[in-house]
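Peer 1: Protein chains in written order, with our numbering: chain A, 570 to 960; chain B, 130 to 495; chain C, 16 to 542.
In short, the hints are calculated from the structure, not lab data.
There could be a bad hint or two in this list.
Here are a few chain C residues that face chain B, going by a calculated C-beta distance under 7 Å [what the hints assert, rightly or not]:
1) Ala21
2) Ile470
3) Leu471
4) Ile472
5) Ser476
6) Leu477
7) Gly481
8) Leu485
9) Met491
10) Leu493
Below, in silico cross-link-like pairs of lysine to aspartate or glutamate (EDC-like), each with a Cα-Cα straight-line distance of 20 Å or less [what the hints assert, rightly or not]:
11) Lys804(A) / Glu785(A)
12) Lys924(A) / Glu458(B)
13) Lys237(C) / Glu207(C)
14) Lys817(A) / Glu296(B)
15) Lys793(A) / Glu932(A)
16) Lys815(A) / Glu305(B)
17) Lys857(A) / Glu296(B)
18) Lys696(A) / Glu785(A)
19) Lys626(A) / Glu366(C)
20) Lys921(A) / Glu305(B)
21) Lys767(A) / Glu305(B)
22) Lys842(A) / Glu203(B)
23) Lys626(A) / Glu351(C)
24) Lys87(C) / Glu164(C)
25) Lys925(A) / Glu866(A)
26) Lys899(A) / Glu877(A)
27) Lys720(A) / Glu616(A)
28) Lys740(A) / Glu351(C)
For every residue, glycine included, the Cβ atom is placed at its ideal position computed from N, Cα and C.
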Amino acid sequence: MKLQNRLTFSILIIAMTLIGSGCWSYRELETLGIVSGAGFDLGKDPEQVLLTVQVIKASKGKGGGNGSLGDGQGQGSRPQPVAIVESNGATAFEAVRNAVSKFSRRLYWPHNQILIVGKEAAENGVKNYLNFGIRQTELRPTAWIMISPGKAGDLIRAPGEMGQIPAMEIKDMLQAQSATSEIGSFTFYDFIERLMSKTTAPLATQIRLNKEGEVELAGTAIFKGEKLVGFIGKKETRGLLWVIGKIKSGVVIVKAPANKGKVSLGIIHAAGKIQAETKNDSVKITVKVNVQSGLGEQTGDLDTSKPEVIKSLARREATVIRNEINAAFKKAQELNADIFGFGEAVHRADFKAWKKLEPRWDEIFPKLKVKLIVKTNISLNGLINKPISQK
Amino acid sequence: MSYLEQGKISGSQLVILMVGFLLGSSVVIFPGQAARQDAWIAIIIGAVEGGIFALIFTTLARRFPGKTMVEILETVFSPYLGKLIAVIFVWYAFHDGSFVIRNFTDFFTTTVMIETPNIVFAVLLTIVAALAVGNGLEVITRCSLVLVPLTVLFLLVTFLAQLSQVEWTNFLPVFEIPVWQLLKISHSAAVFPFGETVFFLMVFPFLNRTKECRRKTVIGVLLGALLINIIAWGGIGVLGPTRALFTYPAYEVVKMFNLPFINTRFEIIVVINFLTMGFLKLAVLYYVTVLGLGQIFHLRSLRPLIIPIGILMIILSIINFSGITENFEFNTTSNLIYSTFFQLVIPLITLIVAMFRRLPRRERGC
Amino acid sequence: MKREIAKVKMEFAKEEFITKGKDLALNLTANLDSIQSELNNSSDLIIRRFGLGGSRQDQGAVVFIDGLVDKKEVEWSILRPLMLKEAPISDKPEGEDRLEYIELSLITVGEISREHQFNRIIAAVLSGKTALLIDGSGEALAIATPGWEKRSVNQPDSEVIVKGPREGFIETLRTNTALLRRKLGDPGLTLEALQVGTRTKTEVCIAYLKDIADPKLIKEIKQRINRINTDGILSAETVEELIEDAPLSFFATMGYTERPDVVSAKLLEGRAAIFVDGTPVVLTAPFLFIENFQSPDDYTYKTYYGSMIRWFRYTAFGISILLPAIYVALTAFHQELLPTQLLITMAAATEGVPFPGVVEVLGLGVIFEIIREAGIRIPRPIGQTVSIVGALVIGEATVTAGLVGAPVVIVVALTAISSFVTPSIVQESKIIRLGITILAGFLGAFGITIGLLAILIHLASLRSFGVPLLSPMAPMHLRSLTQDVLIRAPWWMMFTRPKAIADQNRTRQKFYSRPGPPEEGESEENR
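For reference, chain A alone in the conformation it holds in the complex (with noise of 0.2 Å):
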């Protein structure tokens, strides 16, 4: 063919592929509903799922810096920034697209930051939200998993402190969190990770509205499986946190020697190590822990400046991780729940002795016998050396 017809055919057959099939996945950011936080329950009968969910509202008046003509709207002092929408359905999967019945958006999930489970539904497993959250691709792994003791819905309509939008709030809250370690921060990622092991038991952050109405990060719950078994309190949860090696921050608080009143560590950096070892079928697991500090405060007027002092402080410190820890594992052995994640150690040790323990770690975990090594040093004083006091 001569070249200008070469040409202009291409162009056609090129023109009709994109034109003429229309476009399919434009979509609009008007048409989307942000979904920021999700909570599953349990439906009118255990077999439905109830989805409440938070969508982002985005209102005119925040983007235009000079439109006082155009925003006619005067919202009143304080706009809502999210909507709460409510969906009933067989699976999960059913519920989110049940939702279009009352909502005008399309629910939109890549951009959701946590995702609660009530109790209820829980104890009944969670297989099903997981199933959904992680085959989908909007939702994202690194979406933080909690649990909460009463319903999820509760917690998803609670309205945020700042005035921001309530599951952003309870994202930061959670990475704050690490300022004292004691609530453990775990994403869907992590949950589904543990899940796939036979023997670990998947974790959430707990969650509950307190006695005054506001939202609270009030320790861990538990899951054998894919059901919920328990909640340990923030004490046990540090304790999980020393042997797993999440602790970022946090506070020791020590009795000084001498009665001299109390002294609080500040914790510099922690580690911990699980080691396992077999012999003839029978296992030995030791946890090594190892934490630098630095004096915070005191209360009393124990003198700082010498290394005796020190080194007590330090021997005081690690028994009270000692007891932390401790506390978390006897949690977790009467509930049955290899929380730390023993078994792995052993899998990764000795597989082949593994083939054999792994189907009888169910009796084997609660007569575990741990050997728990914690060093502690103190390596920092502050500002001043000796306690204020008057001499």
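Chain A is fixed; fit chains B and C onto it per the hints.
Peer 2: Showing chains B and C alone in chain A's frame:
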């Protein structure tokens, strides 16, 4: 003989082209996944095995400098038998090309743009590849010179960013799977992607110095193995056991990025990587098919073949598998033997027959 | 259609036949009449008859075009020695020898040549020379006495640099080549003259450095220029369009510049330059894509800043073709890629806007182009007002009225500004930007990548006079890459010329002659 392709490429250009080709689909589906945490071992063994294949067919290529595989086959076997085997060889390239298209469309419709029908991706990718093929080998090579370093850069950057999330314990225990299974998985790695370098038999004659083909191919395979390994390490280290769940681990890994200050999501990089490397791989396979057919039927120009072959490739990619599950199953089972036939058996037999018949005959004088 | 082409071809042949080969008559009056009728009795044709040496019988005439010649020169150097009574012309015999004598001993002008063909005399007169005819001689002298109005040498408006020479080419070919000669004192600097355009008779000059440029390149350029067969060549761009490698591609395969320092730098790298009389723009060949991003400014700053500026330019180019498309792709297809906060802000900003994102971006882009075009042609006094009105009205009001979202205005403005960073590629970048934005509107990031791939393939297939356009990236020449592409290497590191262009003569300077303190053993004086 080579009037169908006038271009010449240098040795280092071949290496880069080969690396791009190997990275092809491996950017998102890295081989050896079934070996779980030992996948990287499988990749290394697979690369070695692929290297052995490479040694065999580069020996064949060096024996017949300046001749493409099709011409070699016609020389070694009788013209008719040779043409027949050449057709089968070209069919393999064509089939492989349709795999690339298929992987491509599956990936896009699963992860990024769900609503768009498959065929749009297939058509557009093929049009671009056809453009490249129509312009000849040199243009394909030049594109690879720009695209491959870019992809490698992206890979390294994402790898470095992942390091903070890698849990080294995920690599243990080593050698958990039984050896014979590991070998089987390594073989699947050898076949996809390393053994696919056999297609370069159609490209070697256009090297500036054909003798270099052996060294450059080995370098290419090694580099490719290294890069794929880097992707695999990221996948194993960050995802750990959950990696077995995911269809596209490399994509998931990047989704998990949690860099403190950069809140953006980087998985588009993986998508772009796949696009560019997939394009390269398809372009090479497309080119091999078209050139091969041109040489078999002694055509005067390759142009009329390009569009029909493209259309047929798209059609084959659609009817090949009814769904992604079949795709995966094929790759882990039947492909092992199917590909080995083309990658190992054909060159080996050709080489043996050539040696037996004392070809090529040294011609004296002018 | 075919018949028309044949007719045009025939007319061309006729003209050539007519204007070729007619000789001058021996009779002066006959010649002068022919000249006048050839030039249609144009009012600016001056014919001055005079007597040689004051005699009445021996006649001669000067013919020139008023306005093209320096009349003082004509009077002093041509008329005076011939007309004065004391002129030693009278005692010389008639005929050709006489003309030769005049040429050798009487006319005190620097450039002179003898012609016997009619059309060449006409051409000489029309190009600003003075023709001297003698009765009884079938030859005439063409004497160069140029004296037309020309611009002063100034910094060109379109290629402004901050620090460095301010000379720019003007419309006169000879001045331009002189400017070049001042930069390159090498005797190897060769200028070859050609003429194109059957009616415009434009003089074209190819400049190159003899031992650096590839002789095949020069031959190819000459061939292509000689093949030009059109009646009007008014500018260098027309020449470019007629000799370039890929006329259908929208990428330029020849470089252009208005600065002599740029031309001399390019010649030193082995390129050839094409001067066209009447245009200050000089073409260079071969052309590499990377030259679009090089500016003489880079070389006047130290290497660090020069390299950084280079990278800014690459980024600006990227922005100018991709930003609108990325905006469309991110807000309409891949919203998951935006950080949540940003997404909320964007959603707030585009709330209630009636048009889809693609339409906004394209629409605003078109409006911007209109403003720009208008701004070029507006007379100075109202120029300022209009641009302010344009910016304010269109930018602010459309946002406030809710017709367009604020981010779109930012995107379009940024894009437009970035595109001016690399002026030589503005036309291509606008087309590419349009295409890629449309592709993005259909298929998001996938569309963008496909578009970029297609452009890459196209660029990879282009050659400029035999050199691949994408050198030194593809085919890769590492040394050239590190010298002038990735970073702007300091001068003492640029010791070879780019391989793609000047393969035979690669050494520019001694290896690594970095300035530094004297070596041991060298005294201060020896340096």
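Peer 1: Take the hints in turn and mark each one as holding or not.
Peer 2: Against the structure, the hints come out as follows:
no. : hint                  : result
1   : Ala21                 : violated, 31 Å
2   : Ile470                : violated, 10 Å
3   : Leu471                : holds, 5 Å
4   : Ile472                : holds, 5 Å
5   : Ser476                : holds, 4 Å
6   : Leu477                : violated, 9 Å
7   : Gly481                : violated, 13 Å
8   : Leu485                : holds, 6 Å
9   : Met491                : holds, 5 Å
10  : Leu493                : violated, 9 Å
11  : Lys804(A) / Glu785(A) : holds, 16 Å
12  : Lys924(A) / Glu458(B) : violated, 27 Å
13  : Lys237(C) / Glu207(C) : holds, 9 Å
14  : Lys817(A) / Glu296(B) : holds, 17 Å
15  : Lys793(A) / Glu932(A) : holds, 14 Å
16  : Lys815(A) / Glu305(B) : violated, 28 Å
17  : Lys857(A) / Glu296(B) : holds, 18 Å
18  : Lys696(A) / Glu785(A) : violated, 25 Å
19  : Lys626(A) / Glu366(C) : holds, 10 Å
20  : Lys921(A) / Glu305(B) : holds, 8 Å
21  : Lys767(A) / Glu305(B) : holds, 17 Å
22  : Lys842(A) / Glu203(B) : violated, 65 Å
23  : Lys626(A) / Glu351(C) : holds, 17 Å
24  : Lys87(C) / Glu164(C)  : holds, 15 Å
25  : Lys925(A) / Glu866(A) : violated, 51 Å
26  : Lys899(A) / Glu877(A) : violated, 33 Å
27  : Lys720(A) / Glu616(A) : holds, 16 Å
28  : Lys740(A) / Glu351(C) : holds, 18 Å
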